[in-house]
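Enquirer: Here is what each chain is made of, one letter per residue.
Number of protein chains: 2
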Amino acid sequence: MIYPEEFQQLMDSFKNFPGIGDKSAERFVYAVDELDNDKIDAFSKNLQDFKKNIKRCSVCGHITNKDVCSICSSENRDKSLICVVEDSKSVFMFEKTGKYNGVYHVLGGLISPIDEVNPEDINLHSLINNRINNDLSEVIIALNPSLEGETTSLYIQKVLEKKNIKLSRLSYGIPMGADIEYLDPLTIIRAIDDRKFLS
Amino acid sequence: MIYPEEFQQLMDSFKNFPGIGDKSAERFVYAVDELDNDKIDAFSKNLQDFKKNIKRCSVCGHITNKDVCSICSSENRDKSLICVVEDSKSVFMFEKTGKYNGVYHVLGGLISPIDEVNPEDINLHSLINNRINNDLSEVIIALNPSLEGETTSLYIQKVLEKKNIKLSRLSYGIPMGADIEYLDPLTIIRAIDDRKFLS
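If you read the sequences in order, they're chains A and B. Residue 1 is where the first sequence starts when you use my numbering, and the numbers rise one by one after that. Residue 1 is where the second sequence starts when you use my numbering, and the numbers rise one by one after that.
I should point out that these hints are in silico values taken from the structure, not numbers from a laboratory. A quick note: this is a predicted structure, and the numbers were derived from the prediction, not measured. Each hint should be verified, as a subset may be incorrect.
All copies of an identical chain are treated as equivalent in the list; a pair is satisfied when it fits inside any one copy or across any two copies.
[What the hints assert, rightly or not] In the EDC-like style, the derived pairs of lysine to aspartate or glutamate whose C-alpha atoms are separated by at most 20 Å in a straight line are: (1) Lys-45 with Asp-33; (2) Lys-162 with Asp-135; (3) Lys-89 with Glu-5; (4) Lys-66 with Asp-87; (5) Lys-166 with Asp-194; (6) Lys-51 with Asp-41; (7) Lys-45 with Glu-161; (8) Lys-23 with Asp-36; (9) Lys-55 with Glu-86; (10) Lys-51 with Glu-26; (11) Lys-23 with Glu-95.
Work the whole structure out from these sequences, hints included.
Expert: If you want it as structure tokens, here you go:
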């Protein structure tokens, strides 16, 4: 064993993280070695606090430290507008824009028959059974334009069709700052399909 | 505050690490969210164990969990051969080769007048005063070929000159697997200077 035991074990912990192999883990352990004791204590306390207190919102499934997340419990949000997203990462992305004032529903996954992920394996039941009612003004689907995203979107569409709820999805098209010259043909096709009439 | 408090604090802890900005820290927190509780516990325990038990070898300055590191206390190592390195990272690199059987001396830095790092600011005193004696067969300098490395090397050379100890440094030259076509001129010059006579 080349490394001291505590060194090796801390390396192994870092290797649980995405994209972290031997080299990066070693670099992180050296970084720990240079941290103040206070910061190391804070780090291990923060890990424990996260483990203990972080859960999923009982209404929308978003990551939170309360039973009902701050978005669902806010009086300033429009509860009649639900944006359906794959995960909490999407919620944080939307929140960073500061422009969306509705609430969310976090599926925690997407339907994928190949991976044996069925509708009942994701957080869909609580959307359909608890949150869909005639007070809703609109449901916006905001899922990735992947096979799984489209499958899930279609499933939701079929279920909601019967309930007479206004349903929309995010537009596909040219991302801001992009150069049309470098886009893939599929994006161009989608941008044409979703084109916006100006007059 | 977009993130739950525990989420934000754990993100801040990850941002203490080299190369970790907002995006990567967020990604690591999601990874923690998907870890088993056991692994989170192990992680925070490993941080504490590292903080508590990891220190510097009282002989050579290498990172260790004992007073004297396993290399300095090994009966199989040649104590008359000391390899002087900048940090413990170099020791681990040398150990991985499995070919070096001497011991080390870890400076924990390099002399750098510009950064106001003087000889007394690095772990040189204990090398010169405690470890240099007539029983030594050789001291190998294994420092980076940077300005600071060369300055430190020169300083050690001057001190040891008076003590009549055989001194060497690693050869500079073409790294294995490299293509001469793509090397920088300085490396070529060093490879000529350090050339090895075959007959």
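Enquirer: Hint by hint, note whether the structure agrees.
Expert: Against the structure, the hints come out as follows:
no. : hint                 : result
1   : Lys-45 with Asp-33   : both (17 Å within a copy, 15 Å between copies)
2   : Lys-162 with Asp-135 : within (15 Å within a copy, 91 Å between copies)
3   : Lys-89 with Glu-5    : between (36 Å within a copy, 16 Å between copies)
4   : Lys-66 with Asp-87   : within (17 Å within a copy, 46 Å between copies)
5   : Lys-166 with Asp-194 : within (18 Å within a copy, 77 Å between copies)
6   : Lys-51 with Asp-41   : both (15 Å within a copy, 9 Å between copies)
7   : Lys-45 with Glu-161  : neither (48 Å within a copy, 52 Å between copies)
8   : Lys-23 with Asp-36   : neither (22 Å within a copy, 24 Å between copies)
9   : Lys-55 with Glu-86   : within (16 Å within a copy, 46 Å between copies)
10  : Lys-51 with Glu-26   : between (25 Å within a copy, 15 Å between copies)
11  : Lys-23 with Glu-95   : between (35 Å within a copy, 15 Å between copies)
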